[in-house]
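Assemble the complex: chain H is given as a structure, and chain U must be docked to it using the hints.
Chains H and U supply the protein sequences, listed in that same order.
The numbering of the first sequence is my numbering, which starts it at 1 and goes up by one.
The numbering of the second sequence is my numbering, which starts it at 1001 and goes up by one.
Among the hints, a few may not be true.
Among the chain U residues that face chain H by a calculated CB cut under 8 Å, a handful are [to be verified]:
| id | residue |
| --- | --- |
| 1 | 1060 |
| 2 | 1069 |
| 3 | 1073 |
| 4 | 1076 |
| 5 | 1077 |
| 6 | 1118 |
| 7 | 1122 |
| 8 | 1124 |
| 9 | 1134 |
| 10 | 1145 |
| 11 | 1176 |
| 12 | 1180 |
| 13 | 1185 |
In silico negatives: residues of chain U with every beta carbon more than 10 Å from chain H [claimed, not checked]:
| id | residue |
| --- | --- |
| 14 | 1085 |
| 15 | 1153 |
| 16 | 1162 |
| 17 | 1191 |
Simulated from the structure, these hints should not be mistaken for laboratory data.
Each residue gets a CB set at the ideal place from its N, CA and C atoms; glycine is no exception.
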Amino acid sequence: MVEISALFHGFAVVLSPFNLLLMLVGIVLGVIIGVLPGLGGANGVAILLPLTFTMPPTSAIIMLSCIYWGALFGGAITSVLFNIPGEPWSVATTFDGYPMAQQGRAGEALTASFTSSFIGALFAVIMITFLAPLVAKFALKFGPPEFFSVYLLTFCSFIGMGKGSAWKTLAAMMLGFALAAIGMDNITGRLRLTFGFPEMMRGVDFLIAVIGLFGIGEILLSMEEGLSFTGKSAKIDPKIVLETWKKLPRYWLTSLRSCLIGCWMGITPGGATPASFMSYGIAKRMSKHGDQFGKGQIEGVIAPETAAHAAGTSALLPMLALGIPGSPTAAVLLGGLLIWGLQPGPLLFVEQKDFVWGLIASMYLGNLAGLIIVLTCVPLFAAILRVPFSIIAPVIVVVCAIGAYSVHSAMLDIWFMMLFGVVGYVFKKLDYPLAPLVLALVLGDRAEDSFRQAMLIAQGDVSIFFSNALVGGITGLALVMLFWPLLSRGLAKLRGA
Amino acid sequence: MAQLRSAKGIFVSDKDAPASGRGISTRTMEIVVALTLLAVAALVVVDSYRLGSKWGDDGPQSGYFPFYIGLLLGIASLATLVQVAIAEWRRADQFRGSPAEQPSLFVEWDQLKLVLSVLGPALVYVLGVQLIGIYIASALYITLFMRWLGHYSWVKSGALGVAVSASIFVLFEVWFKVPLFKGAYDALAWLGY
Chain H
1 MVEISALFHG FAVVLSPFNL LLMLVGIVLG VIIGVLPGLG GANGVAILLP LTFTMPPTSA
61 IIMLSCIYWG ALFGGAITSV LFNIPGEPWS VATTFDGYPM AQQGRAGEAL TASFTSSFIG
121 ALFAVIMITF LAPLVAKFAL KFGPPEFFSV YLLTFCSFIG MGKGSAWKTL AAMMLGFALA
181 AIGMDNITGR LRLTFGFPEM MRGVDFLIAV IGLFGIGEIL LSMEEGLSFT GKSAKIDPKI
241 VLETWKKLPR YWLTSLRSCL IGCWMGITPG GATPASFMSY GIAKRMSKHG DQFGKGQIEG
301 VIAPETAAHA AGTSALLPML ALGIPGSPTA AVLLGGLLIW GLQPGPLLFV EQKDFVWGLI
361 ASMYLGNLAG LIIVLTCVPL FAAILRVPFS IIAPVIVVVC AIGAYSVHSA MLDIWFMMLF
421 GVVGYVFKKL DYPLAPLVLA LVLGDRAEDS FRQAMLIAQG DVSIFFSNAL VGGITGLALV
481 MLFWPLLSRG LAKLRGA
Chain U
1001 MAQLRSAKGI FVSDKDAPAS GRGISTRTME IVVALTLLAV AALVVVDSYR LGSKWGDDGP
1061 QSGYFPFYIG LLLGIASLAT LVQVAIAEWR RADQFRGSPA EQPSLFVEWD QLKLVLSVLG
1121 PALVYVLGVQ LIGIYIASAL YITLFMRWLG HYSWVKSGAL GVAVSASIFV LFEVWFKVPL
1181 FKGAYDALAW LGY
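Chain H with its partners taken away, still in its complex shape (with noise of 0.2 Å):
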């Protein structure tokens, strides 16, 4: 087993005293962004990439892709012990994890909670492990027109499979390709949508839309619901900890189901949330107490936090294989990979041997010493959320603030991340999706480029894209999913004449 050894290598890479410092300053950290209203995963780890700029890239990746499982684990504490989603993906969590909590079994909750997300996230890891190394393979083959189909597949399963109008997730997507396209043009060099203003060549950083949408427009939102939190008091007691897991074997195919769900969810761009809600509809049908959930089943928590930390997890995988981040937050570490200067894509499990297989098995230790540290350290973390939000709000403006300035050491970027709080919360309260919108902005020049290559080997003529049977494949996937509601409706339609 090749995998094998270059994981036991990646082990060795991990494995000194300075990774493994970071690996816990980083689920520390990741656990207080998680926590914290206004600074999750993707802006989080946005905010303190500038730190690692001058660390190895091993180490910075270790260091920020722990802070994104911190998050990940710190989004329960607050969905169970307050009622509150601390992360979008944790808002099912809530249904069962704060009756639990009422019912004095918050321990139980925060256990069932952790235990599960780090089952999630293991399942997903040791996918990533098998399939990764032979995705970039394959994936080695492609060239221009291959990869453009990939970006299709990606963006349209976007609009196909997105909850809301896929008119407005068509909108958001062209928005963020629309920016991406701002500055300077990669091929000829002549300067877009710039408008005069010498400033605006450098273009709009994603990680500057990233802080601000998701960062400032979230202390917007929180803003207009008024603020004050009370919450159950929690800790956590080693035998409350051995019951729970004694209880957890019985819900197996629960747990199996929501890491099949997530890693699916993953790896097809839909991301965390939807498969936490996903896994905890499925788990309510199917359960013999479904007509209990939301009133504290045990199994309510279960699913959905599976679900979430599974597809966290495995939206890394397109990232590491293809270049393609499954998430947001998956799109700011390429962002990292960018800035520390390697190139993502299939080439990198050939010549950054190191650095992959580093971070592949910085995601198992990461996940237990997360797993550990959030057992042990529940009610320090919950104490945080008691810190009143006219101290924190400030707080968190002044580190985005800095964050989106270290980016490029640009004063235009704070301004620019303003006015993307302020887009963020209009687009939030319209359902207009932010994760398209910053993938398109990640991915845009890149799926431009590879438009562009596929069209001068074709000389214009858009039939590359199915002139063979792999290219052809991936686009007509891309074509089914983009008008897979349009099918759906059919289909059923059909079945019922």
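Relative to the frame of chain H, chain U by itself:
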């Protein structure tokens, strides 16, 4: 996420409930946003056309890709406008004369006031950063925010503002050697960073 929250009844429902107070209606905001996006689309299309949106001698010109992006953005915003119009027309038909005829609210005035009480000072803060740099502006911003919106004592507010700013200074300038913006009038020049 707005609808998810209200579905659980955790937070004040902000979308579907008939308005008790007054505010900006969702319909108005939908139209404003769609029109703004339409304007952006027009900008993109016009600029791409200027750069050349066709097939040049050496392949696709600079405006080739963005041109279609702009076009799609325009189509999507127009379609959203049409959808809003249809939904509005149906709703008006259905609930004529009943209280539900009141359009649903995007934001109530009271909520908007709260939002602006964060957004306004934040904008002033960014202006402050531009003039006097991140460190001093941040300390002032946190202090004044805590004092005015949180009603903390001047001592507490000031102490926290300075503490946050100082820790950021140590973290960025001293440890990680990432210089932050000192502003047009650098008042901290005497520190030597």
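Now for the hints, and whether the structure bears them out:
This hint holds: residue 1060(U) has a C-beta 5 Å from the nearest C-beta of chain H, less than the 8 Å allowed. Checking residue 1069(U) against chain H by beta carbon gives a least distance of about 4 Å; that is within 8 Å, so the hint holds. For residue 1073(U), the suggested interface contact is upheld, since its CB lies about 4 Å from the closest CB of chain H, less than 8 Å. Because the closest C-beta pair between residue 1076(U) and chain H is about 4 Å apart, less than 8 Å, the hint holds.
The criterion of a C-beta within 8 Å of any C-beta in chain H is met by residue 1077(U), whose closest approach is roughly 6 Å, and the hint holds. Contact between residue 1118(U) and chain H, as hinted, is supported at the beta carbon level, the nearest pair being about 5 Å apart and thus within 8 Å. Residue-level restraint check for residue 1122(U) holds (minimum Cβ-Cβ distance to chain H is 5 Å; threshold 8 Å). For residue 1124(U), the suggested interface contact is broken, since its CB lies about 11 Å from the closest CB of chain H, more than 8 Å.
Because the beta carbon of residue 1134(U) sits about 6 Å from the nearest beta carbon in chain H, less than 8 Å, this interface hint is met. Proximity of residue 1145(U) to chain H holds as hinted, the smallest CB-CB distance being about 4 Å (cut-off 8 Å). A distance limit of 8 Å between C-beta atoms decides the matter here; for residue 1176(U) the minimum to chain H is near 5 Å, and the interface restraint holds. For residue 1180(U), the shortest C-beta to C-beta distance to chain H is roughly 6 Å, which falls under 8 Å, so the interface hint holds.
Among the interface hints, the one on residue 1185(U) is violated; its C-beta lies about 14 Å from the nearest C-beta in chain H, farther than the 8 Å criterion. For residue 1085(U), the condition that its CB be more than 10 Å from all CB atoms of chain H holds, with the nearest at approximately 13 Å. No beta-carbon of chain H comes within 10 Å of the beta-carbon of residue 1153(U); the shortest separation is about 13 Å. Every C-beta of chain H lies more than 10 Å from that of residue 1162(U), the closest at about 12 Å, which supports listing it as non-interface.
For residue 1191(U), the condition that its CB be more than 10 Å from all CB atoms of chain H holds, with the nearest at approximately 17 Å.
In the structure shown, a violation is registered for the earlier hints numbered 8 and 13, in ascending order.
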